[in-house]
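Using the hints, position chain B against chain A.
If you're matching them up, the sequences are chains A and B in order. Under the working numbering, the first residue of the first sequence is numbered 38, with each subsequent residue one higher. Under the working numbering, the first residue of the second sequence is numbered 38, with each subsequent residue one higher.
Keep in mind that a hint or two might mislead.
Remember, identical chains collapse to one label, so a pair may be satisfied in a single copy or spanning two.
What the hints assert, rightly or not - Each computed DSS-like pair below joins lysine-lysine, with the alpha-carbon atoms no more than 30 Å apart:
1. Lys153 - Lys348
2. Lys284 - Lys84
3. Lys123 - Lys108
4. Lys344 - Lys88
5. Lys153 - Lys88
6. Lys152 - Lys123
7. Lys229 - Lys84
8. Lys348 - Lys284
9. Lys322 - Lys123
10. Lys322 - Lys84
11. Lys282 - Lys88
12. Lys344 - Lys147
Quick caveat, the hints were computed from the structure, so don't treat them as lab data.
Here are the chains, one letter per residue:
There are 2 protein chains.
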Amino acid sequence: MNILVTGGAGFIGSHLCDSLTAAGHNVTVVDNLVLGKVENISHLLDKDNFKFIEADILDTPVMEGVFREGKFDMVYHLAANSDIQKGGRDPLVDYTLTFNTTFAVLQLMKEHEVKKLFFASTSAIYGETSDCLTENYGPLQPVSNYGAGKLASEAFISAFSSTYGIQTWITRFPNVVGERFTHGVIFDFIKKLRANPAELEVLGNGEQCKPYVYVKDLIDGINFVIANSHDRFNVYNLGSDSRTKVKEIAAMVIEEMGLDAAIRYTGGDRGWVGDVPEFRYDLSKVNALGWSAPHDSNASVRLAIQKGLGK
Amino acid sequence: MNILVTGGAGFIGSHLCDSLTAAGHNVTVVDNLVLGKVENISHLLDKDNFKFIEADILDTPVMEGVFREGKFDMVYHLAANSDIQKGGRDPLVDYTLTFNTTFAVLQLMKEHEVKKLFFASTSAIYGETSDCLTENYGPLQPVSNYGAGKLASEAFISAFSSTYGIQTWITRFPNVVGERFTHGVIFDFIKKLRANPAELEVLGNGEQCKPYVYVKDLIDGINFVIANSHDRFNVYNLGSDSRTKVKEIAAMVIEEMGLDAAIRYTGGDRGWVGDVPEFRYDLSKVNALGWSAPHDSNASVRLAIQKGLGK
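Excised from the complex, chain A in its bound form (with noise of 0.2 Å):
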């Protein structure tokens, strides 16, 4: 297939790129590199079946360029913004970056007749809840702007899915460990520790606790889902139904860096506003399809923690 991976060069969609092109797709990769990276994808620069365009999504003469040179059969969508403390800072952020980009793409898409779509979406869509989290749960709450242009996101992929025949695969992340990450906890607790060996400051009382899933097992697991649902509009919640503590993690990561830090909380049930402190995920829809992720949340942290480390 020929296939447009919008942030293809950023932390999750430069593996994805990594699996599409092993697979034999003629993979196009278009990102801004505000928050991508060329050496995330360095390595595919080179093969025939891959091509980096720098641009941005919401460049509409440009990406209409690069749509009718392409002749895509499916879009990957991933480009977004991925920092949540900074949509929360200025709305607009996630306005634009999370948001008008999806619409952006399925206009286009929509133009060009493009009809399979995946969409990157994520646990943040249902807000702060204790209940065990189901792809039909409501009602839909988000706490942070990011969650919001997600969920915005979904809203009008599913009225173009219906309105204009596009096949669609969304899954919903947690939180994404692993390789190459540009931010999150285990990423700022690294930076911190490194700094600072002596003494590690954790946002938050550490009691906060989340599902992880490792990268690699992330990709796998959207290439499992897209390969086995066949309906117009899918949709998946991925990732484990364990969970990691923040204060675990940050017990793991001084054990690796092998050092004897003391841990000061700043106190409070969550690392800052629009942090969602604690959620639960019911991954069974997944399970019954057939996937589920080689390691737990716990494993997941150490491994993505071991290749942070560049272990």
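Just chain B now, kept in the frame of chain A:
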């Protein structure tokens, strides 16, 4: 209170203005008169506690001035596209008029620290399902760009409410009928029968079955919900748990017009792409709060026909 009503010259907005001015509030209406009409509010223009500003909500410099001068305690945000079929032909209509207007209002409220919001939402956010719709229903998979624009609005409203402390009331309307309507099945039938009293063309097979609510009942419900629910984020379905078939509406219009017209069905289970042919509301949440609509669905339709005919 100092209140801003966006879309206040529209069908539902103008009835809301009647109610809010009668209750003694200082009401400012912003409407660009693309869908709204001055006639709808002309009887309010000489009141001391009513002010009309012809402006587009997306005109940021003008709206900055409106907010600076208005010192609003609360915003009732009703401005939106109301023509679902038009939105299906061009997705930019609902992107711009239904969603971007909401985002603009939220940004203005954040900047000017307005802490109370009412939002007019819709059954269209739920998509197409024969299930009975509670406020916690999931999945939310709108089939029209209008429904998508409203769900996208709810998503950012949820995040702004949580992040910036805006107390919010969202009510989700079914089909609303009554004086001043500008579109919809009753409006269309009267118009068609005035042009040709011998035959009425009905889109679909006439079996489409939905709840209808009389506009003044709806306004009563909105006021009741705002007065009696006190959470930070309050969501209620409003309307009737009874329903009316399109073929029954056709018969009632013909009867009220004193005609003997033949009905010709265009066939198919729905009126147009993006139409939801059937839905059912669970109103137990608003009933438990102490409100139910004075007129059921059939009585609302009958009343709206009579008002539409100037009876």
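Hint by hint, where does the structure go against what was stated? Just the numbers, ascending.
1, 2, 7, 9, 10, 11, 12
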